[in-house]
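Student: Sequence:
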Amino acid sequence: ICRPRVSLRASGEDGPDGNVVGARILRPNRFVGAVRGYADDGRTPQQRAHRLDGKILLAQVHTVGVAGDREIGVVGAGLAVSALTSYVFVIVSLNALEGNAKAAFSAFWAVIFVAGPGIFLPLEQEVGRAMAHRRAQGLGGGPLVTRAARLGGILTAGMVVLAVASTPLLSDQMYHGDLIFVAALAIGLVGFYVMHLTRGVLAGAGRFRSYGELLAAEGIIRLAAGIALAVLGVDSAGAFALVLAVAPFLA
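Numbering follows the numbering used here, with no gaps: position 131 of the sequence shown is 131.
In short, the hints are calculated from the structure, not lab data.
Note that beta-carbon positions come from the ideal geometry of N, C-alpha and C, so glycine has one too.
Careful, some of the hints might be misleading.
What the hints assert, rightly or not - If you anchor each label on the Cβ, the simulated ranges turn out as follows:
1) Ile227 <-> Phe113: 16 to 24 Å
2) Ile154 <-> Val234: 23 to 31 Å
3) Ile227 <-> Ser106: 27 to 35 Å
4) Gly76 <-> Val114: 22 to 30 Å
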């Protein structure tokens, strides 16, 4: 979001309709002084009101631009925290596991992050785009979110059924007989669906600070739980997989 570059002079030129032609944002004390000086400038009350409204509008636009920059900064910080915590979580998990458990966890990580963001990130993006469009038109986003939640829920249910149906293949060849991975995959798919839908709603509503905080919270919770398992000496790859699955709900 770019802040508009505007200039508003306290004694700026007026157009034919009495509106301000160009100016810079006045500091509060100068702004008050300029308003007080209107009584002696020979303009009609209507002309003075138009000019004052123009200055107030420009000040509001400037304020919104600054706030938007800060919220986008929070999103960037959230992405950085999410990336860093994900990297550290993988290191902690692999160091706590050995042999087949390490290979099984690596396989699960690949599956969940291909199936999760790969399927539900488009849902997040479409919900965010459509909600932002409706918000610009002054329309509510309730019906849109309801339809997106319904369609996403149907897709998630299908994916969970597929994950359970493929248990013999995944359990033997990828998870080395650890059935906890099957439950973790099913729970994780639901978690990614809920998280991406929520992120789409937040983005479409312009709540970027909450969006960034959600990104950071999910990564921090996942890393904290992983460190706790490692400290307790847990050597089950399925337990670390469950951490991945449950973290989106806790965030």
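Student: When you take the CB atoms of Gly76 and Val114, is the distance between them in 22 to 30 Å?
Tutor: holds, 25 Å
Student: So the hint says 27 to 35 Å: do the beta-carbon atoms of Ile227 and Ser106 match that?
Tutor: violated, 19 Å
Student: Measuring from beta carbon to beta carbon, are Ile227 and Phe113 in 16 to 24 Å?
Tutor: At 20 Å between Cβs, range holds.
Student: Do Ile154 and Val234 keep their Cβ atoms within the hinted range of 23 to 31 Å?
Tutor: About 35 Å separates the Cβ atoms of Ile154 and Val234, which means 23 to 31 Å is violated.
The structure does not agree with the numbered hints 2 and 3 stated previously, though it agrees with the rest.
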